[in-house]
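Undergrad: Chain by chain, the residues run as shown.
Protein chains: 4
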Amino acid sequence: MDEMLMMGKQVLAAQPFSVLIGAELTGFAVGFAELKVPVKHELKQQHGFLHGGVVSYAADNALTYVGGSVLGPAVVTSEFKINYVRPAVGDYIVARASAVYAGKTQAVCRCDVYAVKDQKESLCATAQGTITKIS
Amino acid sequence: MDEMLMMGKQVLAAQPFSVLIGAELTGFAVGFAELKVPVKHELKQQHGFLHGGVVSYAADNALTYVGGSVLGPAVVTSEFKINYVRPAVGDYIVARASAVYAGKTQAVCRCDVYAVKDQKESLCATAQGTITKIS
Amino acid sequence: MDEMLMMGKQVLAAQPFSVLIGAELTGFAVGFAELKVPVKHELKQQHGFLHGGVVSYAADNALTYVGGSVLGPAVVTSEFKINYVRPAVGDYIVARASAVYAGKTQAVCRCDVYAVKDQKESLCATAQGTITKIS
Amino acid sequence: MDEMLMMGKQVLAAQPFSVLIGAELTGFAVGFAELKVPVKHELKQQHGFLHGGVVSYAADNALTYVGGSVLGPAVVTSEFKINYVRPAVGDYIVARASAVYAGKTQAVCRCDVYAVKDQKESLCATAQGTITKIS
Chain F
1 MDEMLMMGKQ VLAAQPFSVL IGAELTGFAV GFAELKVPVK HELKQQHGFL HGGVVSYAAD
61 NALTYVGGSV LGPAVVTSEF KINYVRPAVG DYIVARASAV YAGKTQAVCR CDVYAVKDQK
121 ESLCATAQGT ITKIS
Chain D
1 MDEMLMMGKQ VLAAQPFSVL IGAELTGFAV GFAELKVPVK HELKQQHGFL HGGVVSYAAD
61 NALTYVGGSV LGPAVVTSEF KINYVRPAVG DYIVARASAV YAGKTQAVCR CDVYAVKDQK
121 ESLCATAQGT ITKIS
Chain Y
1 MDEMLMMGKQ VLAAQPFSVL IGAELTGFAV GFAELKVPVK HELKQQHGFL HGGVVSYAAD
61 NALTYVGGSV LGPAVVTSEF KINYVRPAVG DYIVARASAV YAGKTQAVCR CDVYAVKDQK
121 ESLCATAQGT ITKIS
Chain X
1 MDEMLMMGKQ VLAAQPFSVL IGAELTGFAV GFAELKVPVK HELKQQHGFL HGGVVSYAAD
61 NALTYVGGSV LGPAVVTSEF KINYVRPAVG DYIVARASAV YAGKTQAVCR CDVYAVKDQK
121 ESLCATAQGT ITKIS
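Residue numbers (my numbering), protein chains in the order written: chain F, 1 to 135; chain D, 1 to 135; chain Y, 1 to 135; chain X, 1 to 135.
Some hints here could point you the wrong way.
No distinction is drawn between identical chains; accordingly, a pair holds when it is met within one copy or between any pair of copies.
As the list claims (entries may be wrong) - Taking lysine to any residue and the SDA-like style, the derived pairs with C-alpha atoms no more than 20 Å apart in a straight line are:
(1) Lys120 / Gly31
(2) Lys133 / Phe49
(3) Lys120 / Ala102
(4) Lys117 / Met7
(5) Lys104 / Met6
Note that these hints are calculated values from the structure, not bench results.
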C-alpha cells in the first residue's frame, strides 16, 4: 500500500466516530479520496435505508480528506452542501471526492456518494464544499 | 409530555443510527424541533472534538423533523448546506430548527447547532435546507 | 444619515452593476445590511417575475455588506446558497442580511429577501453564506 | 443551428434581464447547457472585476437550462449554492452546466463558470443546485 493511503488510514483509525461507523479509506492521492461505509443495521433510519446522516458523514469526511491531499494534513471542512438523490440501499456506500480548486488556504471540493449493491453503483448523493487549512 | 413530542420520540427510537449516536428529541412543535446529542468519546474525531459528521447528523435530522412538523410525517431532507463555525466541545450539542417557509410539498428550514458546556451555549454550526414530502 | 450608511452607499455607487440594476442600500450597521431593488421590466424573466439572478444578486450583495460590517471593508463573498421560495413580484424587493458568526477572517451570514407589494412583504428567498476578509 | 439550441435562444431573448446583461446561449443539449456573458464595464464591481452577481446569474441560468433539458421546458431553479474561487477578469465568462441526476420532478445539476482571456480559461466559480418542474 502506498504511504499516503497508509497515513490516511491511520488518521481515520484515530477518529472514534469513523471507527464506530466502520468507515474505510480505500483511495487517497493528491486531488482524490475514496471512503467506504458498510450498510449495516445500526446505521439505518426507520425505513431500512442508510441514515442520511451516514451519507453526509461520508461526503463530509471524503471532502476533508481530498482537501487535505492538496492543502496539507491540518485542515477542516468549513462548509458543504449535499443533495440527496436516492435512498441509500445495498451492500455499502462509496464516497468519491475530488478537488475542483486549491488555493493557499482553501480548497473547493466535490464528492459523489454511490450506493453499491452486487457491484452495481447508483448515485445517492452529491456534495460540494470548502476545506480550510488550520493555521 | 405532549402527543407530538411523544410521536417524534418514537420515530427517533425507530432509527437505529439515532439510537447508536444517543440522540434525544427534546422539543417538537409545529415549526420547531430540538435535538440533543451527548459529546461522548465514540462520537469524536482525532483532535478530541465532536466529529463534524455528528454535528451535520444533528442538523440534518432536526431539519427533517421541523419539515415534518409543517408538511406531515412522510418527509425526507432533499438537500442542505451547513457552515461549521467552531469546534464542538462540551457536554452535549443541541440542534434547534425552524421552518422559514412551508409550501404544499416542500419546506425551507434552518437549524442552529450549539455546543453546551456547563449550561453555556456556543454556536458551532448553522444549516439551511429543503425538506420534501414523499408522495 | 449616519456615516456608516453613507460610506456603504458610496461603495454601492462605485459598482457599475449595482447602478445598472438600480440597487439602493437602505440600512447598514454592525451586523445588519438592507438592500432594495426595484421590480422593473429590464430585470424580469420571461414570465414577468423578477429574474432569479436579480434576487440572488441582492442576497449576495447584502451578505457581502453585512460581512464587511463585522470584518472591515475589504471582503468578498466566498460562497453562498440560496433557496427561492416564491416568485418575486411587486414593487421592489428588499434583502435583509445579518451576521450569524464573525471570526477574525470569516463571517457566516444569512439573508432573507422579501418581495414588497403595496407595503406588504412576502418572503421570496433565503440565503446563507461565508464572507471572507481579503488579506 | 439545431432546434433545441434555437428554442433555448428564444427563451433567453424573452428574458429582459438576460438581454440587459448580454448573455448568449452557446450550447444546449440533453444534459448540457453553456451560457456566455461578456465582461463589460456596466457588469463590474468597484475593483474592476465582473460583479459576483453576474457570475451567479450565469451559474443560476445555466443550471435552469440544463435542468430544463432533462425535465422539460417548464422549470425553475429551487435552490443552488455557489463557491467563488477567483475574481472574474478577461473577455467573457462561460458557464457550463450538466445534469448529475434527473428524477421525475427534480434534477440535481452542476455548473462550472470560467473566465476567458485570450482564449485561456480559468475557473472562477462552481455551483450545484436543484431544478424543479412546475406542475
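Undergrad: All the hints need checking, so say for each whether the structure fits it.
TA: These are the hints, each one checked on the structure:
1. Lys120 / Gly31: Answer is neither; intra-copy 25 Å and inter-copy 22 Å both fail.
2. Lys133 / Phe49: between (34 Å within a copy, 17 Å between copies)
3. Lys120 / Ala102: between (32 Å within a copy, 19 Å between copies)
4. Lys117 / Met7: neither (29 Å within a copy, 33 Å between copies)
5. Lys104 / Met6: The answer is neither: 25 Å in one copy and 35 Å across copies each exceed 20 Å.
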